[in-house]
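Peer 1: Given the coordinates of chain A, assemble chain B onto it according to the supplied hints.
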Amino acid sequence: MSKLRTGVLGVFAHLDSATDAIRRLRGDGYEVTVYAPTPRHELEEALETPESPVRIFTLTGAFTGTAAGTALATWASIDWPLIVGGKEIIALPAFSVIMFELTILLGALSTVGGLFLLARLPHIGPAEAPMYHPSFTAGHFGVFAHAPRDRYDAVQAILSEAGSEEVLVDHR
Amino acid sequence: MATETHHHETAVRSAFHPDVAGYEQVNRDANRLLTKPGKGYLALLGMSIGLVGLMVIAELHNIIYGLGMSGLTNPVGWGVYITTFVFWVGIGHAGTLISAILYLFRAPWRQSIYRFAEAMTVFAVLTAALFPIIHIGRPWFFYWLLPLPSQRHLWPNFRSPLLWDVFAVTTYLTVSSVFFFIGLIPDIAAARDSATHPMRKKVYTVLALGWKGTDREWRHFTRAYLFLAALATPLVLSVHSVVSWDFAVSIVPGWHTTIFAPYFVAGAILSGVAMVVTLMVPVQRIFGLGAYFTPVHYDRLAKLLLLTSLIVGYAYGMEYFMAWYSGELFERDVFWDRVTGDYWWAGWSMITFNAIIPQLLWIRKIRLNLNAFFLISIFVNIGMWWERFVIIVPSLAHSYEPWKFMNYHMTWVEASILMGSFGWFFMWFLLFLRYLPGLSIAEIKEVLPPPMRHAHDAAAHTAQVDASGTQVDWSGYTEVERR
Chain A
1 MSKLRTGVLG
11 VFAHLDSATD
21 AIRRLRGDGY
31 EVTVYAPTPR
41 HELEEALETP
51 ESPVRIFTLT
61 GAFTGTAAGT
71 ALATWASIDW
81 PLIVGGKEII
91 ALPAFSVIMF
101 ELTILLGALS
111 TVGGLFLLAR
121 LPHIGPAEAP
131 MYHPSFTAGH
141 FGVFAHAPRD
151 RYDAVQAILS
161 EAGSEEVLVD
171 HR
Chain B
1001 MATETHHHET
1011 AVRSAFHPDV
1021 AGYEQVNRDA
1031 NRLLTKPGKG
1041 YLALLGMSIG
1051 LVGLMVIAEL
1061 HNIIYGLGMS
1071 GLTNPVGWGV
1081 YITTFVFWVG
1091 IGHAGTLISA
1101 ILYLFRAPWR
1111 QSIYRFAEAM
1121 TVFAVLTAAL
1131 FPIIHIGRPW
1141 FFYWLLPLPS
1151 QRHLWPNFRS
1161 PLLWDVFAVT
1171 TYLTVSSVFF
1181 FIGLIPDIAA
1191 ARDSATHPMR
1201 KKVYTVLALG
1211 WKGTDREWRH
1221 FTRAYLFLAA
1231 LATPLVLSVH
1241 SVVSWDFAVS
1251 IVPGWHTTIF
1261 APYFVAGAIL
1271 SGVAMVVTLM
1281 VPVQRIFGLG
1291 AYFTPVHYDR
1301 LAKLLLLTSL
1311 IVGYAYGMEY
1321 FMAWYSGELF
1331 ERDVFWDRVT
1341 GDYWWAGWSM
1351 ITFNAIIPQL
1361 LWIRKIRLNL
1371 NAFFLISIFV
1381 NIGMWWERFV
1391 IIVPSLAHSY
1401 EPWKFMNYHM
1411 TWVEASILMG
1421 SFGWFFMWFL
1431 LFLRYLPGLS
1441 IAEIKEVLPP
1451 PMRHAHDAAA
1461 HTAQVDASGT
1471 QVDWSGYTEV
1481 ERR
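The listed protein sequences derive, respectively, from chains A and B.
FYI, in the working numbering the residues of the first sequence are 1 to 172.
FYI, in the working numbering the residues of the second sequence are 1001 to 1483.
One side only, chain B facing chain A, incomplete, derived with CB under 8 Å: (1) 1022; (2) 1189; (3) 1217; (4) 1228; (5) 1445.
No wet-lab data here; the hints were simulated from the structure.
Ideal Cβ positions, reconstructed from N, Cα and C, are used throughout, including at glycine.
Next comes chain A alone, as it looks inside the complex:
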């Protein structure tokens, strides 16, 4: 999954120019990293982003929570059996609250775990794309094309044609 460490960054003021650049670059076989200040479905469509697997973490966590809640309440009740009013020691209607709360708790925590794992947060080590611009959290969209040095000219041309305001080249 490792992308090339070199490339060219295009800064876009307009969403449609950015999606245009993404389509052209991907059509020419370049890998891209896209920066956006807010999630936009237009970008996902241009990138043909597959469904995020975060949901598997949510489901696994939630079911683990249900099982943990059942196990904890049942086992603790058996460990010191105390009959009150002739009622069942393993009282599932009462335990359902514990089961429910732990379903939510572990479901949520494992969703966050999944997010951190998949989105690589907190980000340590080299960034996915070596170039970034602070305006990407404000109003600009960024398209970084991962390309070898000898293709910089072609990539620059695509980005400018698509309407990039500024093209930054990685000269390291």
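Peer 2: Leaving out everything else, chain B in the frame of chain A:
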């Protein structure tokens, strides 16, 4: 980069935020909250911290001299502490309603107020969590509430609603804090990118976890956020239900009813929406956020308040109906006592503030008059505290045999802790306003039309050109509101 000029090409505006010109303006306005505070802010913060100090002194009396410092005695074993606990847990509910439930409903008016509401939730639950610990009298043994292994194999009773409550409230605190922080990550990154103060820059860099807004990050973030909202939704409905079962599962007259769960949830949302408005109006005035908290937002909040007020009013009436129709003597007596007994003033303030005064919001002029709405929200806040008091104290003070009737009086220790809880809540809220993005920068941009070079691509099918030549995107508006 010359960004300003480009935005004029496509002047499509969101109907919810017609005064917001574009993405950059959101960042500017949000960052304005993070600049140097004025004297008024420092005075408010000082007052809040002072109240927290008062709470600490009062709690030290509780610890050193024992719970006898409170007015709790037989038969009223639950008083101001539990009242205030239920009150604050309830306050939190509107925040989750706005942040999670309205998210699932794709309500576009949620975006600009959600951060405030979610912050309010976290701090309200943080405040509520103090009270069971204060109420147990020996706070250093609070861990006995948790199912931890002990040498004697003693476990808490999983059939008790009080233990359900421990699970519900700790889960709620954890999940809403997580939801709050996850939502903050992209906005902290935005604050990091525009921070000029070196210390702030450092702290935001750490808190943003290296967020850059790449496609990979957004892809997983949006999904994770959706699932967190989907988990928080049933959670919030469960929390106040479980709190209500603390009462309803017992057989005390006035508590033992099946309507308690929905009744408490509606009351929680009523009080929470009132608190959102109580916080929003001054913040809007002080920081000039009229572009984000527009009349549409207040109008819809008012309708939410009105709806929950009607549900609560219905529940009040239904409680009396059930007491009468059941023919149960003790039940009838407690409910009659609520409005005619020693606590008649509490009973009537609850009915007046929660069920009658909010009916003024049927009038559009009052809904859109911020001063009037603010005042109503204060009344509801007070009324909802009285509601919990009326449910808890008169029921205990006046149940079963007359020889055990005994009234309860709040002491200065309890009053100080009650006031201190407001100080504690506002302290956190004020610190939040100053140090973390109070406007949800990335999410407000979701409802703004994206900057487009070719205008017909985006939202053009719903956009209309008004008299001044600015296009307005009406998606998310109802027909009635457009008129």
